[in-house]
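Student: The chain contents come next:
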Amino acid sequence: GEDVEQSLFLSVREGDSSVINCTYTDSSSTYLYWYKQEPGAGLQLLTYIFSNMDMKQDQRLTVLLNKKDKHLSLRIADTQTGDSAIYFCAEKGPVGGYQKVTFGTGTKLQVIP
Amino acid sequence: GAVVSQHPSWVICKSGTSVKIECRSLDFQATTMFWYRQFPKQSLMLMATSNEGSKATYEQGVEKDKFLINHASLTLSTLTVTSAHPEDSSFYICSAREQGSTSVEQFFGPGTRLTVL
Chain A
1 GEDVEQSLFL SVREGDSSVI NCTYTDSSST YLYWYKQEPG AGLQLLTYIF SNMDMKQDQR
61 LTVLLNKKDK HLSLRIADTQ TGDSAIYFCA EKGPVGGYQK VTFGTGTKLQ VIP
Chain B
1 GAVVSQHPSW VICKSGTSVK IECRSLDFQA TTMFWYRQFP KQSLMLMATS NEGSKATYEQ
61 GVEKDKFLIN HASLTLSTLT VTSAHPEDSS FYICSAREQG STSVEQFFGP GTRLTVL
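First to last, the protein sequences are chains A and B.
FYI, the numbering for the first sequence is 1 to 113, going by the working numbering.
FYI, the numbering for the second sequence is 1 to 117, going by the working numbering.
Take these hints with a grain of salt, some might be off.
Stated by the list, open to error - With a straight-line Cα cutoff of 27 Å, these simulated DSS-like cross-link-like pairs (lysine-lysine) come out:
1. A:K108 to A:K70
2. A:K100 to B:K55
3. B:K55 to A:K36
4. A:K100 to B:K14
Unchecked claim - Partner residues are not named here, just some residues of chain A that face chain B (Cβ under 10 Å, in silico):
5. Y24
6. S27
7. Q44
8. A85
9. F88
Simulated from the structure, these hints should not be mistaken for laboratory data.
Idealized CB from N, CA, C, for every residue including glycine.
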């Protein structure tokens, strides 16, 4: 089945850039997502990228997709303490098929003031 | 943006009792709702996909008689954990996809923390 992997923890200083990495196995993924989860809360969609794109920028967020290597990254510029949270990458299966979204294990981002 | 609520936000129950969790789309109609389970420091595991007016589709390994899902209207889906046991303690999150939307987004509820004593 589909598998999505992330490193568990990342610590950065306030003002630095954060890069959270994700690898996936499903070569037929159509969309790849980044979600943010704050303690005790549900998930908030941060951004997503269609599988035929290799980069998407949205304010402080930059998503890079290497489809050949099945590698996705999220860069947060000028990281703030409010960015501290768990970040999940997720992938969605092919159009027309059972469009299940598979989530990664989550990366806990700690921002040090 | 679209809002999804869950009720209750947390519940403590005794082993052997049943617990119902509600998921509501507040400002949109949801043809499809999803139920996830999240263990501490782990990812979300999809339990089932719920379509309005039809039976839910359960993921492999999820007991349909244990986790009863009802999606009776376009704004409400319920998950009932029957005869709950301590191993059912978890964070349950629902999400909803808007009817007729071509958007890729699922809107997530805030989650319900279930503790079974």
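Student: A separate judgement is required for each hint: does it hold in the structure or not?
Tutor: Checked hints:
1. A:K108 to A:K70: holds (21 Å)
2. A:K100 to B:K55: Measuring from Cα to Cα gives roughly 17 Å; hence the hint holds.
3. B:K55 to A:K36: violated (30 Å)
4. A:K100 to B:K14: violated (33 Å)
5. Y24: violated (12 Å)
6. S27: Check failed: Cβ of S27 (chain A) comes no nearer than 19 Å to chain B, outside 10 Å.
7. Q44: holds (7 Å)
8. A85: With Cβ-Cβ at 13 Å, over 10 Å, it is violated.
9. F88: holds (7 Å)
The structure does not agree with the numbered hints 3, 4, 5, 6, 8 stated previously, though it agrees with the rest.
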